[in-house]
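Dock chain A against chain U, hints included.
2 protein chains.
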Amino acid sequence: MLTIDQQIMKKEEGTIITPAGFQVAGLHSGVKRKRNDLGIITCDVPANAAAVYTTNVIQAAPIKVTKESIAKEGKLQAVIVNSGNANACTGKQGEKDAFLMRSAAAEQLGIPEYYVAVASTGIIGLPMPMDKIIPSIKLLEPAASDNNVDQFNESILTTDIFTKSTCYQTTIDGKTVTMAGSAKGSGMIEPNMATMLAFVTTDAVIESSMLQVALKEVTETTFNCITVDGDTSTNDMVLIMASEKSGNEGLTPQHREWSVFVELLRKTCVDLAKMIARDGEGATTLIEVEVNGALNDKEATQAAKAVVGSSLVKTAVYGADANWGRIIAAVGYSKAIVNAETIDITIGQVKLLENSQPLAFAEEEVSEILNNETVKIVVDLNIGTGTGVAWGCDLTYDYVRINASYRS
Amino acid sequence: MLTIDQQIMKKEEGTIITPAGFQVAGLHSGVKRKRNDLGIITCDVPANAAAVYTTNVIQAAPIKVTKESIAKEGKLQAVIVNSGNANACTGKQGEKDAFLMRSAAAEQLGIPEYYVAVASTGIIGLPMPMDKIIPSIKLLEPAASDNNVDQFNESILTTDIFTKSTCYQTTIDGKTVTMAGSAKGSGMIEPNMATMLAFVTTDAVIESSMLQVALKEVTETTFNCITVDGDTSTNDMVLIMASEKSGNEGLTPQHREWSVFVELLRKTCVDLAKMIARDGEGATTLIEVEVNGALNDKEATQAAKAVVGSSLVKTAVYGADANWGRIIAAVGYSKAIVNAETIDITIGQVKLLENSQPLAFAEEEVSEILNNETVKIVVDLNIGTGTGVAWGCDLTYDYVRINASYRS
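In order, the protein sequence lines correspond to chains U and A.
Using this note's numbering, you'd call the opening residue of the first sequence number 403 and step up by one each time.
Using this note's numbering, you'd call the opening residue of the second sequence number 403 and step up by one each time.
Bound-form chain U, shown alone (with noise of 0.2 Å):
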């Protein structure tokens, strides 16, 4: 028999449309200077839709008009999302802005406004731009091809690099599902839904208040542990929406293969989570820490966010140093449950530390190691069978010259 892992293939040319059911299109309105900042994702028919949002108090108006929507019927049928401006802090101004883009993209594609998420990222506190993106909105022309695809994945970025998107497939009830997701970084990332958005397409058959659970869970283990600086802004948002058109059985935690399903969506997840922290600010490496021996799995998942997490260790990577110090001391202040005596640390295959002792290595090795552009990170307590993984970037000159000059 296969192993859930096994069920589960990677569509390497896959795209947020390759579920089906789903277009999207992405163009230049203005808003930003140069690169595309207004997008669009519809869905042939109103799909079951699920949400998870940032926890910062202060939460940007597009927030509130996408749970106003999503609370109507669980329902959305288009999200209508902007980059350049977050319109956050905006006050009444701003609610009235992000309500007019949804009834705007509702009356653009004749639907019912409360089947239309809002979405936007970019600077806090300056008023919307309304007559850049209104006319805009008009001219969206969601398609389902791979140029729309570029488009779109382009005008959802700020400060990132590069576009985000990943796509897998499995069958269940002896139907093909596919899920797939476009996402953004890449400042203000803190575990807790931090500066970013990311949405996830699929074709299963779910209900909205399913689909929920699933995106609960898997959002603790995936976006709930990157790190980028550390801030939480106040415009995440990850979002789901589910065609159910692959013809599966109606998925519930009772469906014997919902642990299939979850998997699905963990691993679109893990992939976009992964490349929001490789496309940090600034960032030259992505971190892996892997926290092993831990009490439990939510101890383990606190000690490795407190190492990604920390400037020291960010910097330490940037420089290729094997500062295992600043590895043990983050663990230490960490709050998780650790006897001081019996932690292990390895980076790729050194390791450096044994019942937190030195042991000799050699500094050109593991010096080698950090210059890859993908690094990772393995503490073992040595106390437990708690397990748990946490995703960031090193921290580099260019990570302060983005955020010194991000307004000018």
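Calculated directly from the structure, the hints in this document are not laboratory data.
Treat the hints with care, as some may be off.
Since the list gives no way to pick one copy over another, a pair counts as held whenever it fits inside one copy or between any two copies.
Heads up, simulated DSBU-like pairs for lysine-lysine below, C-alpha to C-alpha not over 30 Å straight-line [as the list claims (entries may be wrong)]: (1) 477 to 534; (2) 737 to 618; (3) 753 to 498; (4) 700 to 737; (5) 737 to 676; (6) 753 to 434; (7) 494 to 753; (8) 498 to 737; (9) 753 to 466.
From a predicted model like this one, the values you see are computed outputs, not experimental measurements.
Leaving out everything else, chain A in the frame of chain U:
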């Protein structure tokens, strides 16, 4: 009648030896390449002592030794301190070395070992170069001279740019009471006793247990309110010694001038804390964040710490960018209770946000304020009377440079 504040005078020329009974020395032992790296504080008599330590679970060997010394009688007559090597994660040998440093100093001074505290700061995980430390301890000649103070203050630094010292005087029971301190930063600085060492001397008459009460109270709103990079070190220590030479009546919370003494200590610690923040690695600006109108003081401090710890706020200050959106976002994720609609933000004299709505302001004027050596950000939550202050510094290219190459 004079307020407490008016009863305490800054002694501009005062140093750690201004309180009666103390001497210091410092020299270059060879742990570091060039700068002084070994220092000592001594007292004529066994001084009443108290200390607070890092909250990191991974604690360096010297912390253990110092705790053991103070536990014996609550008295210290000397502190031996080195920079360049933290003696952390150095196992049984590290512990042995820290105890050896203690006994060498005790022997040199002809005092019991348990009257000696040990403090170390520098690289984690390298064995202590005892061949350099031990012979050099014998060369230390403590004296109450300005030259010795300079030598000592330099000997405790790591990546610090400048030495940190302050002194205050007051009158208690009609007697002059003096307090002074020396400290070092400047990486791995975070609330909860982060990489820093601070040594405070006073000639006040006060028992060790009472000293501990005052120190713990004051640390909460001073050293625990500074952050450089969010990392909490393995070696932090704030240590206070009272020579009891001033002749006041023994200080306890019941003493009518107890609050004057606490304020004397608070002023001393605030000065040192602010100097540590200003001298954060790569910093060009001291950022002071004051939060008012919170539900209570604790919530205010929590919000202030979140703002001053935000990488995005720190880079914005470096870039002289009036990016109040990042300030309100940090308040929003601080977990302090806030009303999203009632937040005011002021930078310098310029109000940028009122009731969470942007005000028109001159970008150039605020940009000029942000270019000052000290920047004050005031956030008013307008929901209560709680107030709190935190200090930090901007995040610059030099922070990355220093930490990417710390060990090389």
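Does the structure break any of the earlier hints, and which numbers would those be?
none
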